[in-house]
Amino acid sequence: MAASTAMRIYPFMPGGAAGSTKLISDAVVLSDLTGRPRFGLKGGGSAAWLAAQGVTLPAVNRIGDHRGMRVLRLGNEDILLLAEDAGETLAEVKAAWQAATAPKGYSSWREEGWAWMRLSGPGLAEAMSALCALDLRPQKFGADDIAQTRVGHIEAVTFRSPAGFDILFDVTASAYFARAVAAVAGHTGKHRG
Amino acid sequence: MKLLTCPMNGLRNIDEFQSFGPVRARPDPDATADTEWSRHLFRAENRKGIVTEWWRHVPSNYFFLAERDLVSNEIICTFDASELRDRA
Amino acid sequence: MNRLLAPFGSRIDRSQPIRFTFEGKPFKGYEGDSIASALAASGQWVLSRSFKYHRPRGILSMTGTDANALVQLPFEPNAAAERTPISEGLRVSAQNVNGSLERDRDAIMDRFGRFLPVGFYYRTFMGPRRDSWLKFWEPVIRRKAGLGVVDTKAPHRHFDKTHLHCDVLVVGAGPAGLSAAIAAAEASVDVVLCDENPEIGGALSYGRYDPAILSGLLARLESLPNLKGLTGTVCNGWYEDNWLPLIEGNRLHRTRAREVILATGAIEQPAVFRNNDLPGIMLGGAAQRLIRHYGVRPGQSAVVLAANDDGYRTALDLLDAGVSVVELIDPRPAGEAGPLEAELRGKGVAIRKGATIEAAEGTAGNRHLARVRIGGSWIACDLLTVSIGQAPAWQLPCQAGGKVGYDAAAGAMTITLPQGPVHLAGAVAGSDDLEDAIASGRRAAAAALARLGHAVADDPQVTAKTIRPRYVQPIVADPKGRDFVDFDEDLQVKDLQNATKDGYREIELVKRFTTVGMGPSQGRHSALATARIVAEATGRTVGEIGITTARPPVGPETLGVLAGHHEALERRTAPHARHIALNAAMKPVGAWWRPYYYGDASSADESVRQEILAVREGVGLLDVSTLGKLEIRGPDAGEFLDRLYTMAHANQPVGRVRYCLMLNEMGSVVDDGVAYRMAEDEFYVTATTGAVARVYADMLFWNAEWRLKVDVLNLTGAFSGLNVTGPKARLVLEALESDIDFSRDAFPYLSGREGMVAGVPVRVMRIGFTGELSYELHCPSSLAPTLWDAVMAAGRPHGLRPYGLEASRILRLEKGHILIGQDTDAITTPDELGFGWAVSKKKPFFIGKRSIEMRARLGLTRKLVGLQFPAGARNIPGESCLVLRGGAPVGQITSVGYSPSLGHHIALAYVHVDDQAEGSRVTVKCRNGELVEVPVVAHAFFDPTNARQEI
Amino acid sequence: MPLRLLKYGLSRDYPVSGDIPATPELKPAYDVVIIGGGGHGLSCAHHLAKYHGIKSVAVLEKAYLAGGNTARNTTTIRSNYITPEGIAFYKEGVELFERLSHELDFNVMFSQRGQLTLAHSEATLRSFHMRAEMGKHMGTRTEVVDQKGVEELCPLLNMDYGGPLEILGGLWHADGGTARHDAVAWGYAAQASRRGVEIHQRTEVQDFEVVGDRVQAVKTNRGRVACGQVLIATGGMNYDVALKAGVELPIRCYPLQAMVTQPLKPWLHTLVSSVSLHTYLVQSSRGEVVIGGGSDPYQLYSTRSTLDMKEHLAEGAIHLFPFLQGVRLLRQWAGITDMTPDYSPIMGASPLANLWLDCGWGTWGFKATPVAGKRMAQTIAEGRVPDILKPFALERFETFRLLNEMGATAASH
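Residue numbers (the numbering used here), protein chains in the order written: chain A, 136 to 328; chain B, 17 to 104; chain C, 205 to 1155; chain D, 1101 to 1513.
Warning: the hint list may mix true and false statements.
[What the hints assert, rightly or not] For each label pair, taking beta carbons as the anchor points, the in silico distance ranges come out as: (1) 1134(C) to 1260(D): 35 to 41 Å; (2) 197(A) to 859(C): 53 to 59 Å; (3) 1122(C) to 1268(D): 33 to 39 Å.
[As the list claims (entries may be wrong)] Some chain C residues flagged as far from chain A (calculated, every beta-carbon gap over 12 Å): (4) 256; (5) 569; (6) 637; (7) 1040.
FYI, nobody ran anything at the bench for these hints, they're computed from the structure.
Just so you know, even glycine gets a beta-carbon here, dropped at the ideal spot from N, CA and C.
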């Protein structure tokens, strides 16, 4: 599919599907990274093609690094590149992939299918304990670990970022997710009431 | 909440998984009489004891197998589908 | 006032008085008081009326487990007065009273007891007429049922849930639990110690022990940062793999522990004698709790029944609290309490051995204890404390797989757990003195640590003691009754004996027939006595009788804390805000929100009609983004679809679109959609909105078995779909900037193209649910709002109207297109739908093939056809109305609606297979029972030759 | 005051009824051996003895009387099914319940307060219309009501949710009700044993002696018993017991859980269930609110309870009745259900000539206790299957003549 010149509208942007939903910013801060550059490959040939580009692939459910991009290995043949601050590098990889001939895997369309949000703030640990059943304490869940699990009752991928926890989930549930996080944040410290 | 060890994602609460039921032998449809075929469709692997069954880890959409005791609910082991033939 | 001075009253803050009311009367207490303690301090001992006989009842255990002390709060029925703190202005009232607590008209039930033997309700209330029970007796009895009253106007409260993980969870912060938690934490593992009480210490906080023991343990506890103490937190159940609900106020901690140590203590057991339920008769521990926790003097003049050291300690505590102890009665003929006995005698207390309480009598209306009978003579007193034995708190251990036994030699209930990640410590494991309990805690910690892989040094002190013999009260029914075994359910000794005479000899049957143990305390104070009575009555041992299964929860828990707070899941398509801006009536479809029509509710029908006409005569735009969208990629993609769907896909040319019909193994229709072959190794496949999640999972499942070289990707959220449909659809698309040739020849029906439209990369398919010229544009979701805007703008000169689900349903019905799940059911075959054309006869295999062949041989019984009602027909049958043949149902209407294009009502229906031909007339039973005859239509109602979609 | 209570009060001693005689010695042979001392087995025994004069009957129960699914179910009685075959059968079941207390001279407390099933989606409402149309046609009291009708029938329901949880309408079944489950079993046991039926508790069938196409005898932990006819009515153990006779049933076992609150003064008068929430509530004559829902998500022969099911049911209950937040739960439990592929029972003949099946009762068996016992007794006594049972034959799975009741059993049992 060719590159687009048209305007992209993500859920939390004005005119987006969740445009009227406010993101909380209190003891718990929820921020939206859905529009940030990322690119994923999935299916036979994906890992080999990336490796041929010099990308060192981590083990499944671990995060590696490639020229400032985070390399998320979600499955043997399911790799997602996140380029929060390395958009140009990502664009190069993407262009190389588009120009390449098969086998090269297939686009996973994660940049369209998944919202990318970040949870941070002083109430982070308490909020994550409420949102996710996994043991995410630092001694159990490291900086390069990935959990494909459930966050806020929906399927999600979560991992640590320097600021907090990043969460990838079904983009169509963006408004729901923001409400679920706000509800949890509203409860912190209030349970005896 | 019971725990289940996903061969790909590790130890998780069982509510992250979906059961796809016991592994079933699939008879050759063209070499099976009608009554045998309907038996195949409706028969149930329900013996007290250990069954090998399909599970899906829903968040990662990974399918694997587990040996589980239908009476005690003990999960004896879990393994990737590629091992199924080795075990058979 | 019965209030004692400090240091008694560890829980109360005398500087913080609190006013509240009970039964409308004002009372005063202090911050930290429970309802029961504050009332007791003011001399209010009666808290409730009993379930059946409406006898006055008061404090029994001070643990909050009995029906005796349940009260009504404004928004909360059955609140435990012994545990619920008072708060300023709290309005408390008594439960289960007819009139008032003081004057309960139903107290007369106590006199009619002889007319109401156990299980009487099974033997009467049936006559005189057949419906007498339902019409007369049941309403009467229903009014008497239940305890508290639920406030149906209760305001919403916040509850929430969180998760907690630890290496070792210790339940119970008494001496055993404390020592276990400290020992585990000293080995550097993560430990959580929880206790339902507001303080750490358990019996050390209210029993007669050296305060230095508790302060020493607390000092060690505070130095351990890896030990998290949760007071006021009840561990209310044990579930598989050490999953435990810890309830802290309005919060539920769903807790996973690798190892669990249960130090849940023991439950003091009441003595059984006539009138043993009078207010003023309480367990020794209740008196000690009142004194030490709340600074409340439990009476003025006491008799102490003591068959163990705890009873002697209670007597000493009573003396310290200024209660006159008339006499200590030790039923053991040679009860030996060593130094405690000497101390008591030194304080001038008379001790009588080998005697027991034979009966009690109350003041007027049995409102309080007046005297007890010992050795045939009556002794006046207003307090009787009972310390005759205890049962291990078996609830959590039994949920964790523990087995209850009975050590006949020691007269004690025992619990044994299988080897595993759950350990017992303290009184629940049989310890009956402090030193042993502390040692038992260390032993349990060592066992847990060993399982966690920690090397544990042998501790020479840590060996279990054998259980010392306990006193066992002989239970004989009092000839006059009122010797209660189960206070919650008002059951007396003879009730249990009589149940066994009627053949209810197994403990579970005794429970079910008499309801023993089914009340709020769930047998805490009755299970042991019941087992003894049933054993005696049936000539078996207590061990053979056992106790009934302990099921979660351990104690009552609110539905609110279990439910927590849960936002409803909702999914929105990318153009959601566009629909809102266009005043769409949005309705939920599963988790999705979809436009039903655009416009005000007041003109809904007209809006729908206009939308339909726009599609038929001009052009319409439908957001089809909720459709399931799947990409099947890889060398085996064609083969994969060939196995999953009924049509042929391996030979489908690139650029073509084919209908897909999916069957299950039984040969029933489960889904449909289209497959667009974008490349040799890539298909873009749609699935119905409601089925895509299952279809996607099933695809992955089948390929886990087949191991074909394909990757399946669910693009449902990643891609959005816009359907541009109507005779002018091509004009609209040609007006947009695009590299796609939309002409009829270049882009024929049932083909697909990739390209750019208005700067947006799209996948376009020429298909049509509406039967008109249609282009379905699919694009990445972040670009869908922009594409929507472009199409709307390009369509404006052509009168383009966005249309909603309602119009879409009629449009498809006019074409006779089916909706899976509405026009099909669990057993629909392709033949029943007349879909033979969609089933490949050449493919060697597809899912369901073998079954539809077999089902075809068994014969078709019904067929889905069109029904056309005459214009102006008066009675139009609704959906699901029956199609009858010879008076018997043979099918039903699956879809029905008014077609504005045709000017009459049309429907799809299953009819008998012999009535499928065009022109047959079938009988349909309308909702009002009227039968109407309707002609069958065997083709699409609108545009029967399907010419319009191919222009 | 009813006469019987006066009699109790005026007699000095407790009037012993002796409902359940102590387990006698096992005889070497019986005309009919019924495996399973639950409601169905006891009902069949009663009907054999009372209406067919067959008194050489032994009911073999491996544990205590009626302690399996009879004791664990939540006692829904109704006939608002989908298939005409199903409705005809369950309708007879409701009618027998209406007379049951008098039949047994034991008050089973049949309480016909109606059942209201709620629809939160148009698809559900459509399925309700299907059930209502078929139900009306078959002569039951079943109708679809709109939002206003729902409010009138159950004014305390929360109608304000909007979105996917909004209540769009309901299926009102005036014939629906509950009964005291234990009483049904005890009443049948008392009546059957008074007519000579022997009830053997703690008697487990461990094997079958099959010769040719007949069961010669069953082998129990208390010895061998020869039998003329054998009925399997063992609830959650049906698959396992039938397998011992060499008969493989199309049954899978799943736990089904339920829970109950502390007793409350009556506030909920009808049975209320929700298809989308997988939750139903009914207030018992003791004042307890019984809450149940769907089966567990994977196969298991266990009666353990789970926290997640309890949380799910509490959530559903509070969606419907938000004021229940402060109400306390007292107990949860589970039974093992024997689920068939089409959510209908398997009744009638087996591949063995004298072995009869009363199986596949899944989550819905209690309501059929009287009718299944009556019709299975007729089958055994006459040696042939009556018309009303024929559609439920095991053979239907070979001929795709399924009786699909899934849509009528998902929300309430």
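Okay, the hints, checked on the actual structure:
1. 1134(C) to 1260(D): 35 to 41 Å: At roughly 37 Å between Cβ atoms, residue 1260(D) and residue 1134(C) fall inside 35 to 41 Å, so the hint holds.
2. 197(A) to 859(C): 53 to 59 Å: Between residue 197(A) and residue 859(C), where Cβ atoms are some 41 Å apart, the hint is violated.
3. 1122(C) to 1268(D): 33 to 39 Å: Because 36 Å falls inside the window, the suggested range holds.
4. 256: About 37 Å separates residue 256(C) from the closest Cβ of chain A, which puts it past 12 Å; holds.
5. 569: Answer for residue 569(C): holds, closest chain A Cβ roughly 39 Å.
6. 637: Answer for residue 637(C): holds, closest chain A Cβ roughly 36 Å.
7. 1040: 35 Å, holds
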